[in-house]
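What follows is the residue order along each chain.
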Amino acid sequence: MSDVPLIYTSKGNLPEADLRFEPMWEETPDYVKFIARYWLGDEVVKESAFVLSRRGLSSDAIAQPFV
Amino acid sequence: MANSFGIAGVAKQAAMSAILDGKTLKAALYLASGTTGPTTAAYTATGELAATGNYAAGGASVTNANTAGLTTTTAFWSPSASIVYPASMTSSGSFDMVMIYSTTDTNRNIGCFNLGAQSITAGLLTLTMPTNDASTGVVRFA
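As given, the protein sequences belong to chains A and B, one line each in that order.
Per my numbering, residue 1 is the first one in the first sequence, and the count goes up by one each step.
Per my numbering, residue 68 is the first one in the second sequence, and the count goes up by one each step.
The hints are simulated quantities; they were obtained by calculation from the structure and are not laboratory data.
Quantities reported herein were computed from a predicted structural model and do not represent experimental measurements.
The beta carbon of each residue, even a glycine, is placed where N, CA and C say it ideally should be.
Hints may be right or wrong, so weigh each one.
If you want the footprint, here are the derived chain B segments under chain A, 3+ residues with CB under 8 Å [what the hints assert, rightly or not]:
id : segment
1  : 68-75
2  : 123-132
3  : 145-158
4  : 190-204
Pulled out of the complex, with its shape left as it was, chain A reads as follows:
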């Protein structure tokens, strides 16, 4: 008996071999995002995202001149 790798999806545990894996990257000045998407036919049955923030938000404190 051989073990078949299973992946948890919105349709329950499915054999990895039945799924199409689509890795994607998004890169912006603010973040880098890796998206791991699994398709069963034309339906997305699993999608995860891992976001690396490159920078947060900056707020300027302004000293108003008296003159």
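Dock chain B against the given chain A, drawing on the hints supplied.
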């Protein structure tokens, strides 16, 4: 050497410290179709992901072991660990924003951060923080 002008760095650090140091923080996710933002005073359920698919209303806990730092005249702070949402989460729609807010201070909105439009299906969502310094910290008063 000439005088220089501006808000004192220690004042910015003190202001930041007052809203962040030792506070209990959470991170809520908002639908891309929503209208929540920096003008929103406190956490709101309006526009938030529905509490379905392992997403809990109010979002995930933020690990906050850092205190407000200061480099020259820029105060900065970041969560001290990645923000991790429950495993096998399914979002109720496409979201593009996370609000970090303080439950210690009647859910005061600390900031609203862009994630890019994203949906999660039976999957994971983790937000890894940038280097906590004056250039990239999650919250900076410059």
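Checked hints:
With 3 residues having a Cβ less than 8 Å from any Cβ of chain A, the segment 68-75 of chain B passes the three-residue criterion, so the hint holds. Counting residues of the segment 123-132 of chain B whose beta carbon lies closer than 8 Å to any beta carbon of chain A gives 0, which falls short of the minimum of three for the stated coverage. For the segment 145-158 of chain B, the stated coverage by chain A holds: 3 residues have a C-beta nearer than 8 Å to a C-beta of that chain, and at least 3 were required. Remark: the segment 190-204 of chain B is confirmed as covered by chain A, as 11 of its residues place a Cβ nearer than 8 Å to a Cβ of that chain, reaching the required three.
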